[in-house]
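Number of protein chains: 2
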Amino acid sequence: MRVFGHVVGIPEGSEFENRYTLSQYGVHRPLQAGISGSQDEGADSIVLSGGYEDDKDYGDVIIYTGHGGRSQVTGLQVADQKLTRQNLALALNCQRGTPVRVIRGYKHTSPISPKEGYRYDGLYRVDSYWQEQGLSGFVIWRFRLEKIHEQLATDTVEEPPSIYENSERIEITIQRIMRDTKLALSVKEMYNFECQVCQIRILTNAGLYAEAAHIQPLGMPHNGPDSIDNILCLCPNHHVMFDFGGFSIADDLTLIGLEGGLYKEPKHFINPRYLQYHREHFADKI
Amino acid sequence: MRVFGHVVGIPEGSEFENRYTLSQYGVHRPLQAGISGSQDEGADSIVLSGGYEDDKDYGDVIIYTGHGGRSQVTGLQVADQKLTRQNLALALNCQRGTPVRVIRGYKHTSPISPKEGYRYDGLYRVDSYWQEQGLSGFVIWRFRLEKIHEQLATDTVEEPPSIYENSERIEITIQRIMRDTKLALSVKEMYNFECQVCQIRILTNAGLYAEAAHIQPLGMPHNGPDSIDNILCLCPNHHVMFDFGGFSIADDLTLIGLEGGLYKEPKHFINPRYLQYHREHFADKI
Numbered sequence: 001m002r003v004f005g006h007v008v009g010i011p012e013g014s015e016f017e018n019r020y021t022l023s024q025y026g027v028h029r030p031l032q033a034g035i036s037g038s039q040d041e042g043a044d045s046i047v048l049s050g051g052y053e054d055d056k057d058y059g060d061v062i063i064y065t066g067h068g069g070r071s072q073v074t075g076l077q078v079a080d081q082k083l084t085r086q087n088l089a090l091a092l093n094c095q096r097g098t099p100v101r102v103i104r105g106y107k108h109t110s111p112i113s114p115k116e117g118y119r120y121d122g123l124y125r126v127d128s129y130w131q132e133q134g135l136s137g138f139v140i141w142r143f144r145l146e147k148i149h150e151q152l153a154t155d156t157v158e159e160p161p162s163i164y165e166n167s168e169r170i171e172i173t174i175q176r177i178m179r180d181t182k183l184a185l186s187v188k189e190m191y192n193f194e195c196q197v198c199q200i201r202i203l204t205n206a207g208l209y210a211e212a213a214h215i216q217p218l219g220m221p222h223n224g225p226d227s228i229d230n231i232l233c234l235c236p237n238h239h240v241m242f243d244f245g246g247f248s249i250a251d252d253l254t255l256i257g258l259e260g261g262l263y264k265e266p267k268h269f270i271n272p273r274y275l276q277y278h279r280e281h282f283a284d285k286i
Numbered sequence: 287m288r289v290f291g292h293v294v295g296i297p298e299g300s301e302f303e304n305r306y307t308l309s310q311y312g313v314h315r316p317l318q319a320g321i322s323g324s325q326d327e328g329a330d331s332i333v334l335s336g337g338y339e340d341d342k343d344y345g346d347v348i349i350y351t352g353h354g355g356r357s358q359v360t361g362l363q364v365a366d367q368k369l370t371r372q373n374l375a376l377a378l379n380c381q382r383g384t385p386v387r388v389i390r391g392y393k394h395t396s397p398i399s400p401k402e403g404y405r406y407d408g409l410y411r412v413d414s415y416w417q418e419q420g421l422s423g424f425v426i427w428r429f430r431l432e433k434i435h436e437q438l439a440t441d442t443v444e445e446p447p448s449i450y451e452n453s454e455r456i457e458i459t460i461q462r463i464m465r466d467t468k469l470a471l472s473v474k475e476m477y478n479f480e481c482q483v484c485q486i487r488i489l490t491n492a493g494l495y496a497e498a499a500h501i502q503p504l505g506m507p508h509n510g511p512d513s514i515d516n517i518l519c520l521c522p523n524h525h526v527m528f529d530f531g532g533f534s535i536a537d538d539l540t541l542i543g544l545e546g547g548l549y550k551e552p553k554h555f556i557n558p559r560y561l562q563y564h565r566e567h568f569a570d571k572i
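In the order they appear, the protein sequences are chains A and B. Under this note's numbering, the first residue of the first sequence is numbered 1, with each subsequent residue one higher. Under this note's numbering, the first residue of the second sequence is numbered 287, with each subsequent residue one higher.
Hints listed in this document are in silico derivations from the structure and should not be mistaken for laboratory results. Quantities reported herein were computed from a predicted structural model and do not represent experimental measurements. Every residue gets a Cβ at the ideal spot worked out from N, C-alpha and C, and that includes glycine. Hints may contain errors.
Said to hold, decoys possible - Quick list of the computed label-pair ranges, beta carbon to beta carbon:
(1) A:271 with B:539: 43 to 49 Å
(2) B:509 with A:200: 30 to 36 Å
(3) B:318 with A:110: 38 to 44 Å
Stated by the list, open to error - Mimicking EDC-like on lysine to aspartate or glutamate, the simulated pairs with C-alpha atoms at most 16 Å apart in a straight line are:
(4) A:264 with A:280
(5) B:342 with B:402
(6) A:107 with A:189
(7) A:182 with B:326
(8) A:267 with A:189
(9) A:56 with A:132
(10) A:267 with A:229
(11) B:468 with A:40
(12) A:182 with B:341
(13) B:468 with A:41
(14) A:82 with A:252
(15) A:107 with A:40
Stated by the list, open to error - Which stretches of chain A does chain B cover? Using the computed rule of at least three CB atoms under 8 Å from a CB of chain B, they are:
(16) 69-80
(17) 137-145
(18) 226-237
(19) 240-251
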């Protein structure tokens, strides 16, 4: 049975001599593959061991490159990666909020990698995923991982009964964190909280609800701007689909993957550069 | 102009002699009201000063009682609170992810309150809101506030260009954190990822997407169980509406606030006790 979350008895920081002991303790079962997972359940663990030229390790944030397309002989990227198998497993972690164990190995080129052996570095959530052209020129799938900090601050008086405290703590985590910005509200108001794809308006006890979707995402590595020409007003359903490759938008605002076109207020300029970025990174096919 | 987030030059932990200086520095403008905000923009700050018998302060988590319904003479609750004005402002913070400044005052009955004067204790997000019968017997609105921890962990090698680092950091925050649990997936699979309200299925590049909605929420103070009889399979649109009082469900599964009924698989037992909890706390009217 695949174990998601911490493995009982193996605290964060535990060190292992080699891939064999790592596997024996159930921290990362496969002896060779970097991603342990299935495309039904998601990924339970990954090993960072310097295999991919495109990986980036900032400590709390990791840009991890998917699996596949490399020559077994030279280790070089020789074909496009696909969103299948272990890559699809990591995408499911993102959509479902399943945490993944991260292990850093001695071959991994980062100042915080262990000098020898392997170290279990705790749980990360898969914050987002996308495709891009890698350094090799072939398509790679990338996953932004963010560390899950589980401890509460020290000024907590009486710890409330937390969902993290019960026996299922390792299964429970964080999913789809949305960032609302200063300009988000102005775009929602421009459309009177109506979805630009389906024109639905969500009514709640506090009034109308819509979501602001950044076309080229905020934050590294995308670093899209928080500007009105990069923001759409969407209902939650179409926001999920837009973020997870369910549809994209052509320069003439025709929808790709859905019928029809994007509704746009005349005064709302949408920058085609950001639409192109979305198509290249988040559409089903480049 | 209402300032959301930190006030420039006023770090967390700053102390103030009285409500007048608190107001002068722009940390909390009103001299008497506990909530500073408007029902268009949201709330920018609140003061905890022991006014409400129902408040709870766990440090990182605060259960805050809304405004209204108290006698000016005795200070006792003498009428129902409504989701209007400053209470509606705090509800908007929840829906939009706007952070609220929290100030603790000397009158507040918590071990971490200052002995004298007022202390700015940083930014909190409004995690959820609901109504209930207060200790007085009247309806009160309650808001679960959770502290926003802004610092990254010390093992970060090279801090990535974070959205928290630019000049708009105070506007940007976290919204609608969803918790997926062990049993969530089994309920989604039972419905083949089809929404129990509208039967829509959301298609993404990683397959079908649905959300698991806990009827009586997990975590304090609701402490609903993570069990299949407390979980629904919903599309993101109906999940938002369900969490924010857009509709509720009668014991016979008729929808309240929407046309029609909830679709249910014969083998899926939904516990009427949790439906009742939802109606009492999240429906528009008790």
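Evaluation of the provided hints:
1. Range check, residue 271 of chain A to residue 539 of chain B: Cβ separation about 46 Å, and the 43 to 49 Å hint holds.
2. In this structure the supplied range 30 to 36 Å holds for residue 509 of chain B paired with residue 200 of chain A, their Cβ-Cβ distance being about 33 Å.
3. Checked against the hint of 38 to 44 Å, the C-beta distance between residue 318 of chain B and residue 110 of chain A comes to roughly 54 Å, which is inconsistent with it.
4. This hinted pair does not check out: residue 264 of chain A and residue 280 of chain A have alpha carbons roughly 22 Å apart, beyond 16 Å.
5. Of the supplied pair hints, the one linking residue 342 of chain B and residue 402 of chain B is violated, its CA atoms being roughly 20 Å apart against a limit of 16 Å.
6. Between residue 107 of chain A and residue 189 of chain A the CA atoms are separated by roughly 51 Å; this puts the pair beyond 16 Å, and the hint is violated.
7. Of the supplied pair hints, the one linking residue 182 of chain A and residue 326 of chain B holds, its CA atoms being roughly 14 Å apart against a limit of 16 Å.
8. Distance check on the hinted pair: residue 267 of chain A and residue 189 of chain A sit about 13 Å apart at the alpha-carbon level, within 16 Å; holds.
9. Taken as a hint, the residue 56 of chain A and residue 132 of chain A pair is honoured in the structure, with Cα atoms around 14 Å apart against an allowance of 16 Å.
10. About 10 Å separates the Cα atoms of residue 267 of chain A and residue 229 of chain A, which keeps this hinted pair within 16 Å; it holds.
11. For the given pair, residue 468 of chain B sits about 14 Å from residue 40 of chain A by alpha-carbon distance, which is consistent with the 16 Å threshold.
12. Distance check on the hinted pair: residue 182 of chain A and residue 341 of chain B sit about 30 Å apart at the alpha-carbon level, beyond 16 Å; violated.
13. Our distance criterion of 16 Å between C-alpha atoms is met by residue 468 of chain B and residue 41 of chain A, whose separation comes to about 11 Å.
14. A C-alpha spacing of about 28 Å is found between residue 82 of chain A and residue 252 of chain A, which places the hinted pair above 16 Å, so the restraint is violated.
15. A C-alpha spacing of about 30 Å is found between residue 107 of chain A and residue 40 of chain A, which places the hinted pair above 16 Å, so the restraint is violated.
16. Counting residues of the region 69-80 of chain A whose C-beta lies closer than 8 Å to any C-beta of chain B gives 0; at least three are required, and the coverage claim is violated.
17. Judged by the Cβ-Cβ criterion of 8 Å, the region 137-145 of chain A is not covered by chain B as claimed, because only 0 of its residues qualify and three are needed.
18. Coverage of the region 226-237 of chain A by chain B holds. Counting CB-CB distances below 8 Å, 4 residues qualify, and the rule asks for three or more.
19. Judged by the Cβ-Cβ criterion of 8 Å, the region 240-251 of chain A is covered by chain B as claimed, because 5 of its residues qualify and three suffice.
In this structure, the hints that do not hold are numbers 3, 4, 5, 6, 12, 14, 15, 16 and 17, in rising order.
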